[in-house]
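Enquirer: Sequence:
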Amino acid sequence: MESFWNTKILSKVPRRLWILLVPTYYDKSEYTDISSNYTTIEYLRSQENSTTENPSILFLSAIAGKDSYGPERKIHDFIAVLNTIAENQDSLHINMALLCNDFHELQNVITYIESKSETLSQVYGKITIISAPFLDKNQGFARDQRKAPQSQRLRRRMIARTRNFLLLNSLRHEQYTLFVDSDIIEFEHPETFLLTFIKTNKDIIVPRIPVAGNPDYDLNSWRGQRRKPTEEQLKLLDVENREDFHYYPEEADIPGKVWHFKEYIANTNNEYEEHKDEYEYLVPLDSVGGAVLFAKSIVYKQGAIFPTSYIVGTTWDRSEGYDGIETEGLCYLAKPLGYSCW
-7 MESFWNTKIL
3 SKVPRRLWIL
13 LVPTYYDKSE
23 YTDISSNYTT
33 IEYLRSQENS
43 TTENPSILFL
53 SAIAGKDSYG
63 PERKIHDFIA
73 VLNTIAENQD
83 SLHINMALLC
93 NDFHELQNVI
103 TYIESKSETL
113 SQVYGKITII
123 SAPFLDKNQG
133 FARDQRKAPQ
143 SQRLRRRMIA
153 RTRNFLLLNS
163 LRHEQYTLFV
173 DSDIIEFEHP
183 ETFLLTFIKT
193 NKDIIVPRIP
203 VAGNPDYDLN
213 SWRGQRRKPT
223 EEQLKLLDVE
233 NREDFHYYPE
243 EADIPGKVWH
253 FKEYIANTNN
263 EYEEHKDEYE
273 YLVPLDSVGG
283 AVLFAKSIVY
293 KQGAIFPTSY
303 IVGTTWDRSE
313 GYDGIETEGL
323 CYLAKPLGYS
333 CW
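Counted from 1, the sequence shown has number 103 at position 111 by this note's numbering; the numbering is strictly sequential.
These are calculated hints, taken from the structure and not from any lab test. As the structure is a prediction and not an experimental result, all values here were calculated from the model. Don't take each hint at face value.
Keeping only pairs whose Cα atoms sit at most 25 Å apart, straight-line, the calculated BS3-like set for lysine-lysine is [claimed, not checked]: (1) Lys268 / Lys293; (2) Lys254 / Lys220; (3) Lys194 / Lys327; (4) Lys220 / Lys249; (5) Lys191 / Lys293; (6) Lys58 / Lys108; (7) Lys249 / Lys288; (8) Lys327 / Lys220; (9) Lys327 / Lys288; (10) Lys249 / Lys327; (11) Lys194 / Lys254; (12) Lys268 / Lys254; (13) Lys194 / Lys268; (14) Lys191 / Lys58; (15) Lys194 / Lys108; (16) Lys129 / Lys58; (17) Lys129 / Lys191; (18) Lys288 / Lys191; (19) Lys288 / Lys194; (20) Lys249 / Lys268.
Pairwise CB distance ranges (calculated) [claimed, not checked]: (21) Thr188 / Phe95: 33 to 39 Å; (22) Val275 / Glu40: 37 to 43 Å; (23) Lys254 / Lys191: 25 to 31 Å; (24) Lys129 / Glu22: 18 to 24 Å; (25) Pro207 / Thr24: 43 to 49 Å; (26) Gln294 / Lys58: 22 to 28 Å; (27) Gly216 / Lys268: 18 to 24 Å; (28) Lys268 / Ser83: 49 to 55 Å.
Each residue gets a CB set at the ideal place from its N, CA and C atoms; glycine is no exception.
All chains should be built: construct the whole structure from the sequences, respecting the hints.
Expert: If you want it as structure tokens, here you go:
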């Protein structure tokens, strides 16, 4: 099938819509919002039927640049990991959405998707690629300081904006979503991974993430009690300059009052010994991380998304609170709607 361009500029609307065909396998459309400077490219499987009786799920991942996949890994390595849980899932309808704001890596992603369209079209009904460079501007911290405690508020605000933008510009009719960090290298039990989550019928679920000897990498998944700021500290939140406010949520766990997955591995209260052979063992959580994050899309569609500021501890007179940003605020917003995290 011969590719073609059909360019259309809508009157008085600052956007462009380009439509073309990736031969045989995907129909490709490209939308550019000129005023906000973002682009969405959508690859829809040729003759794709939008209605299906099978459960549908959307994979989502943000790619910061060529180093996002981990040492000596590239986009094809990451997609290969996703394929391990997506291939041979005949009972599921699976789509994928990627966000990349780095120009050079974006070209690599596009080239890979289009060069492998025949193979990918057998697995993914739709692939969406989004680029929104404005999200990365004015971060307020240097890259080499991104792990420092004082940088976490601004860093996680940027991550929350990215997650929300990717989600809100790609989610359509999929019943489930799965956020996956681009440096994830392996899934245990990949052939049953998705169906295990779906069959629980839980609203929001995260698995334990081990990394290089660390049995619990994503400490944003927890339940229990954290120390609250003192009255003197809270007063500092009511001034415009927060530089003197040195309360860091990730350092506020109350010993013995907060449960992480590492407590499970340490066999606290004999929990590990009792449940180590139960692959589907679940525990309730107050907060979730985002390395691998499964959720029913109906949760997001009602407004429980990723807070771009600390929402715990806010008032009308205070621009921002002290806890509950990004994934750690998702459960906080979902709970009043009747949803829970596991």
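Enquirer: Does each hint hold? Answer for all of them.
Expert: For each hint, the structure was consulted:
1. Of the pairs offered as hints, the one joining Lys268 and Lys293 is violated, with about 35 Å between alpha carbons and a cut-off of 25 Å exceeded.
2. Among the hinted pairs, Lys254 with Lys220 is consistent with the structure: their alpha-carbon atoms are about 23 Å apart, no more than 25 Å.
3. Annotation: proposed proximity of Lys194 to Lys327 holds, straight-line Cα distance about 13 Å (limit 25 Å).
4. Restraint check for Lys220 and Lys249: satisfied, since their Cα atoms lie roughly 13 Å apart, inside the 25 Å limit.
5. Distance check on the hinted pair: Lys191 and Lys293 sit about 21 Å apart at the alpha-carbon level, within 25 Å; holds.
6. For a cut-off of 25 Å, the pair hint linking Lys58 to Lys108 stands: about 19 Å separates their Cα positions.
7. Taking the CA atoms of Lys249 and Lys288, the gap is near 29 Å; set against the 25 Å cutoff, the hint is violated.
8. Distance check on the hinted pair: Lys327 and Lys220 sit about 20 Å apart at the alpha-carbon level, within 25 Å; holds.
9. For the hint linking Lys327 to Lys288, the alpha-carbon distance of about 14 Å falls within 25 Å, and the restraint holds.
10. With a C-alpha separation of about 20 Å, the suggested pairing of Lys249 with Lys327 holds against the 25 Å cut-off.
11. At roughly 22 Å between alpha-carbon atoms, Lys194 and Lys254 fall within 25 Å of each other, so this suggested pair holds.
12. A hinted pair counts as satisfied when its Cα atoms are at most 25 Å apart, and Lys268 with Lys254 qualifies at roughly 13 Å.
13. Restraint check for Lys194 and Lys268: the C-alpha separation of about 20 Å stays at or below 25 Å, so the hint holds.
14. For the suggested pair Lys191 and Lys58, the alpha carbons sit about 35 Å apart, so the restraint of at most 25 Å is broken.
15. For a cut-off of 25 Å, the pair hint linking Lys194 to Lys108 is broken: about 34 Å separates their Cα positions.
16. For the proposed pair Lys129 and Lys58, the alpha carbon gap of about 18 Å is at most 25 Å, so the pair holds.
17. A C-alpha spacing of about 41 Å is found between Lys129 and Lys191, which places the hinted pair above 25 Å, so the restraint is violated.
18. Between Lys288 and Lys191, the direct Cα distance comes to roughly 12 Å. Compliance with the 25 Å bound is thereby established for this hinted pair.
19. Note on Lys288 and Lys194: the hinted pairing holds, with a Cα-Cα distance of about 8 Å set against a maximum of 25 Å.
20. With a C-alpha separation of about 23 Å, the suggested pair Lys249 and Lys268 falls inside the 25 Å cut-off, and the hint holds.
21. The given range of 33 to 39 Å is respected by Thr188 and Phe95, whose C-beta atoms sit roughly 38 Å from each other.
22. Restraint check, Val275 to Glu40: a C-beta distance of roughly 38 Å satisfies the suggested window 37 to 43 Å.
23. Distance hint check for Lys254 and Lys191: the Cβ-Cβ separation is about 27 Å, which falls inside the suggested range of 25 to 31 Å.
24. Hint check: Lys129 to Glu22, Cβ distance near 22 Å, so the stated range 18 to 24 Å holds.
25. For the pair Pro207 and Thr24, the supplied restraint of 43 to 49 Å holds, since their beta-carbon distance comes to about 44 Å.
26. As the Cβ distance of Gln294 to Lys58 is approximately 37 Å, the hint placing it in 22 to 28 Å is violated.
27. The beta-carbon spacing between Gly216 and Lys268, approximately 22 Å, falls within the hinted interval of 18 to 24 Å.
28. Separation of Lys268 from Ser83 is about 28 Å and departs from the stated range, judged on CB atoms against 49 to 55 Å.
Going through the hint list in order, the structure does not satisfy hints 1, 7, 14, 15, 17, 26, 28.
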